[in-house]
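Okay, here's what each chain looks like letter by letter:
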Amino acid sequence: MKSVDSDFSPSSLSGLAGNFPPRVLLRASGLTVRFGGLLALDAVDFEVREGEIVGLIGPNGAGKTTFFNCLTGLVMPDEGEVRYKGQLLVLRPYKVAEAGLARTFQNIRLFPNMTPLENVLVGRHCHTKEGVWSALWRGKRFREAEASARMAAAEFLDFVGLVPDEDLSAHSLSYGDQRRLEIARALACEPGVLLLDEPTAGMNPRETQAMLELVQQIRDRGVAVVVIEHDMRFIFSLCDRIVVLDSGCKLSEGTSVEVRKDPRVIEAYLGISPE
Amino acid sequence: MTPVPPSASHLTSRHKTNWSEMWRSVLRLSGRWRFVLGIAGALFVWTAAFSPWASFAFGYPGKMTLSGFPGGARVYLLPLLLLVSLLFFTLPVGATAGVRAALGLLFIAGYNFIAISWEGDGVDAVAWGAWIALLGSLLLLWAFASFLWEEADGRSLSGQTAGHTAVKLPDPIWQMLLVFGGVPALLICFVYALDVEESSRFVSLICCLGAGSAALSSLGFFNWTSELLARQRTFAVILLLIAALVFPFTQDGNGYWLRVLISVGVFASAAIGLNIVVGLTGLLDLGYIAFFGIGAYVSALLSDADFTTVHVRVPFLLVLLIGATVAGLVGIFVGAPTLRLRGDYLAIVTLGFGEIFRITMNNWNGLTRGPNGIAGISDLEIPSLFGSTPLNFGDAHEVFGVSLPNFANYYFLCIFLFIGMAILFSRLGNSRIGRAWMAIREDEIAASSMGVNPVRFKLLSFALGASMAGAAGTVSAHVTQQVSPDSFTFMESILLLAAVVLGGMGTIPGALLGAGVFYLLPEKLRAFQDVRMLMFGAALIIMMRYRPEGLIPNRRRKAEFREEKSRFSAGFLKGTGELDLMQQNPVQEGGT
Amino acid sequence: MEQFAQQFVNGVVLGAMYGLIALGYTMVYGIIQLWNFAHGEIFMVGAFGGLAVWTALPESLAENAFLALPLIFTAAVFTATFTAVLVERVAYRPLRSSPRITALITAIGVSIVLQESVRLFYPDGKRPQSFPGLVAEGNFSIGDVRIPWVSLFIVIVAFFAMLLLQAFVHATKTGKAMRAVSQDPDTARLMGIDVNRIIMVTFAVGAILAALAGVLQGMKFRQIDFHMGFLAGLKAFTAAVLGGIGNITGAVLGGLLLGITEVMATQYIPQGSAWKDVWAFIVLIVVLVFRPTGLLGEDVSVRA
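Chains as they are written, first to last, in the numbering used here: chain A, 105 to 379; chain B, 101 to 692; chain C, 506 to 809.
A hint or two may mislead.
Residues from chain C shown here face chain B by an in silico Cβ test under 8 Å; the list is partial [to be verified]:
#1 Ser603
#2 Ile606
#3 Val618
#4 Pro797
Per label pair, the in silico range of CB-to-CB distance [stated by the list, open to error]:
#5 A:Gly243 x C:Gly777: 52 to 60 Å
#6 A:Asp269 x B:Phe335: 21 to 29 Å
#7 C:Asp689 x B:Tyr646: 27 to 35 Å
#8 C:Arg796 x B:Leu429: 23 to 31 Å
#9 B:Leu429 x C:Glu568: 56 to 64 Å
#10 B:Leu341 x A:Ser278: 50 to 58 Å
#11 A:Phe139 x C:Pro599: 34 to 42 Å
#12 B:Phe290 x A:Gly243: 31 to 39 Å
#13 B:Met591 x C:Glu507: 40 to 48 Å
Simulated pairs of lysine to aspartate or glutamate, DMTMM-like, Cα-Cα distance not exceeding 20 Å [unchecked claim]:
#14 C:Lys678 x C:Asp691
#15 C:Lys631 x B:Asp630
#16 C:Lys781 x B:Asp586
#17 A:Lys199 x B:Glu544
#18 B:Lys268 x A:Asp146
#19 C:Lys681 x C:Asp699
#20 B:Lys268 x A:Asp269
#21 B:Lys268 x A:Asp350
#22 B:Lys624 x B:Asp295
#23 A:Lys199 x A:Asp146
No lab work stands behind these hints: they were computed from the structure.
Where a beta carbon is used, it is the ideal one built from N, C-alpha and C, also for glycine.
With the sequences and hints as input, model every part of the structure.
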């Protein structure tokens, strides 16, 4: 753990001055989840710093998605806590989103019968306040808020490379566009940390490359990213730091070089020790 | 529901094809014969329209024994025949439309054939005109169907592709003119249909209209009109509104249809509330009529009825507010503990609540007078805009020299109620709140991960829907002048839900049309009083099978009912991740 | 105390019938997540099928319980199963991939059609029909508690039916396939299970149990009508939810609990009988609020 801290070099953080280590945004400590007798997560500690891209890898069933679900309140941890910017998070999905954690899903979960723009507008939910009366009265404030929300949503769509089309529903988008729309929707929450669950699953190399660039652009906007992925090339060329999970335990943590050399990681993936 | 196993459904469909292929091979026609038969069929139908259908006079409506003029149901053959004749020139694209129109002709002929032989005690009562009509429509059906078969064999389904092509519209001026002509034409049709008295004529008319619209719809006509209406929405709404306001002046002081339309209006208003709950938020409420009932009872108790237990009279506008508030509060009370549950549980809990409400009203003699209900609810009185004497809804009025029956007052009130509900629905629907509702409907987990508090918004939707029903209920109590528990049975909830679903979920015209169908048709189909419910049940099954998105669907949501959700296929596209590490493990920095 | 025991027995009898119907709901829900709203009508159709055959029997045969009973049960089971399978095939199967609300509205439509068909087409179906008692009238006593022979018969039939069902679901190949389909229809299909057939069998088994309940209900109350399926169906569904939907043991337990609650509430709460039909729903709401998955927990595999 300590060695990781000292080895970590925030090369990409141009905005941060001097030797100050970047601020920790998200810190999960001792997260434990049990499904009946199965220990899905075993006291996992995890942290994300400002401007970082963290990869979360591990064999199938290692607990990666459970870990995401746990961070975002879809699964209640049996033990442990999550802090965001030092504040203890109430682990309910909408509270987590309000606090500044947004996510995508492994099996895309868009709102299939809404337009792409509407999908992103739902992402703006936390950043708009208009209530029933305001919506009924349609005063100046409402119209302005609605207009600015639409502007922002269109910008996020544009950012991921989609165009708003009023006659199209999200489910008729291509697979890659659906993935990107999901990211735009999550970005619309203006999160501090974005959690991506297998963003390149089912993509061809060209789309994967585009996704890689997109994630880097997201980081350049000042959003820290945690990404679960099985595509190791993607992970190793993208992430500043990699965390390896296996059977619910944190197996290893470090830069891509360190992780690849770690005998425990190799054993977890290949089932035998190479030594 | 679980996705259909594709291979299994494939098997059954192949099995079906074999069976129908046998028929096709027998009935297949070559190109020339199709036209010969088609033209012969059209001529037969044309002749039939002017020939006697009943062999002796026994009171079958429409002077069906006379030849030389298309009286009674016969006249409805003509528009369809015209359509069919035009469709000949559009073949093969119009084959589907032709089949539908020919089916309409067949239904008209068949229905009248059966009805005449039924009422005339035997097939002897049927004259040659009806036989020819049957024969002609069958020939037409055959001719058009053989076109369809050929297309299906040649795998070039040209008629079906009309749905997705871009719609071309004329200039805005022409658009407005079309709307300006189309809306009144539609209303004239409507008023004309109301005036059709005999059930034989009415059923034939419905067959004619239904088959005609089905045929036009396969040509993409309704995509075009919905696009047109979407562009010219404001204009069309204003026209409709004017027409609705003018309607009472055309009734010669007769209140019958006004009364029917009032109940349509009241239920359409309630249906809009239910549309928020079911259509926008996707919550299944099977006890919705209870909230309507709460409003009605509140209104009945607070208006000093003849048979009441509470002797106060509260101004109506206040009653409206109280009714809506009480219903909304009860909605919160019922919803708060149950909205966390899964959809089906909510359905049964709301159903249970509906029954509890009805039984409570039945037993609470001290307040609600039990099964007798509260009768003699007085007419509404609201402060007049023009004078010091309040406006009493029980009075007939003279406006612009035309005498309006007292029901006209309630009719106008209902229009205002409906407009209010429609504004509420569309404004909330097109806002942050509406989007949150829809997001919950589409995917609750994803919605909550975007910061939408699902319980809070579901509760808001449920309570709002409840209070809208309550508001409609307060008006309804004054219209019917009495309330009793048996007006708020489970069947009424189902009727409202069916109105919403059949009309088209999540749309205002759908709610209006659905309520119209369910509260107007029974009036027109009195001859079928006994089998009414049977027909209703069968209609539900058939609609859900063949047009689950409703009569006027939300343009985009249509797909939900038609296509498999893409989400299901997502799982299969996933690559196997583990192997990647093994292949790429050799150190190869930044390889991409 | 004596009264309590007496009412308890009545509750068990009522609950056994609820349980029999609830099994059909719970199995169908477990396998295709459909609230088969028309199941109550299958129960009613079964009873009418039994009655029709009994009416047609020659008098000498009709009076002989040992001969008439098997015939009635067979006829009821046959009618109900045929109806249920037909409904599944015609109305539900085309809608397997449709949204929930579409299927539920279809189910409601089916329910209306079945009710109205019996009302219109059964001879004099608009009025309640009297049903033969068949089992010896009179009671036997345990202590001070008097138990009608009919009630004993009902409990015995219900008990054995449930026993057979357990054996069927757990020991036969079809039963295992059924459980596999309820876990994951796609995988089950890949394993070579004919999912459509299994779903049909599920409907048929539910219909058999409902038909038994229909005849038993007729024998107990000596009267059936076209409307009886609605409330019985609702309460049975409530029972299934109470026990934890998809859970076979739960359905029986829920039925018993509901039957006993209803009888006790009617007896001990002032004016209870006027509120007879409310208790089921109140119990349901209370249970769902405090234990949303039902008493024994759901058996429906929830896929995230």
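Going through the hints against the structure:
1. Ser603: C:Ser603 check passes; min Cβ-Cβ to chain B is 6 Å, inside 8 Å.
2. Ile606: Check passed: Cβ of C:Ile606 comes within 6 Å of chain B, closer than 8 Å.
3. Val618: Because about 4 Å separates C:Val618 from the closest Cβ in chain B, which is inside the 8 Å limit, the hint holds.
4. Pro797: holds (5 Å)
5. A:Gly243 x C:Gly777: 52 to 60 Å: For A:Gly243 and C:Gly777 the Cβ distance comes to about 54 Å; the hint holds.
6. A:Asp269 x B:Phe335: 21 to 29 Å: holds (25 Å)
7. C:Asp689 x B:Tyr646: 27 to 35 Å: Cβ of C:Asp689 to Cβ of B:Tyr646: about 30 Å, so the range 27 to 35 Å holds.
8. C:Arg796 x B:Leu429: 23 to 31 Å: holds (26 Å)
9. B:Leu429 x C:Glu568: 56 to 64 Å: holds (60 Å)
10. B:Leu341 x A:Ser278: 50 to 58 Å: Violated: the Cβ-Cβ distance is about 43 Å, outside 50 to 58 Å.
11. A:Phe139 x C:Pro599: 34 to 42 Å: holds (37 Å)
12. B:Phe290 x A:Gly243: 31 to 39 Å: For B:Phe290 and A:Gly243 the Cβ distance comes to about 38 Å; the hint holds.
13. B:Met591 x C:Glu507: 40 to 48 Å: Given a distance of about 42 Å, which is inside 40 to 48 Å, the answer is holds.
14. C:Lys678 x C:Asp691: With Cα atoms ~18 Å apart, C:Lys678 and C:Asp691 stay inside 20 Å; holds.
15. C:Lys631 x B:Asp630: Given pair C:Lys631, B:Asp630 holds - Cα atoms ~11 Å apart, limit 20 Å.
16. C:Lys781 x B:Asp586: Judged against 20 Å, a Cα distance of about 17 Å means the pair holds.
17. A:Lys199 x B:Glu544: holds (15 Å)
18. B:Lys268 x A:Asp146: violated (61 Å)
19. C:Lys681 x C:Asp699: Given that 20 Å is the threshold and the Cα spacing comes to 12 Å, the pair holds.
20. B:Lys268 x A:Asp269: holds (18 Å)
21. B:Lys268 x A:Asp350: violated (58 Å)
22. B:Lys624 x B:Asp295: Holds - the C-alpha atoms of B:Asp295 and B:Lys624 are around 10 Å apart, at most 20 Å.
23. A:Lys199 x A:Asp146: violated (24 Å)
When held up to the earlier numbered hints, the structure conflicts with 10, 18, 21 and 23 and fits the remainder.
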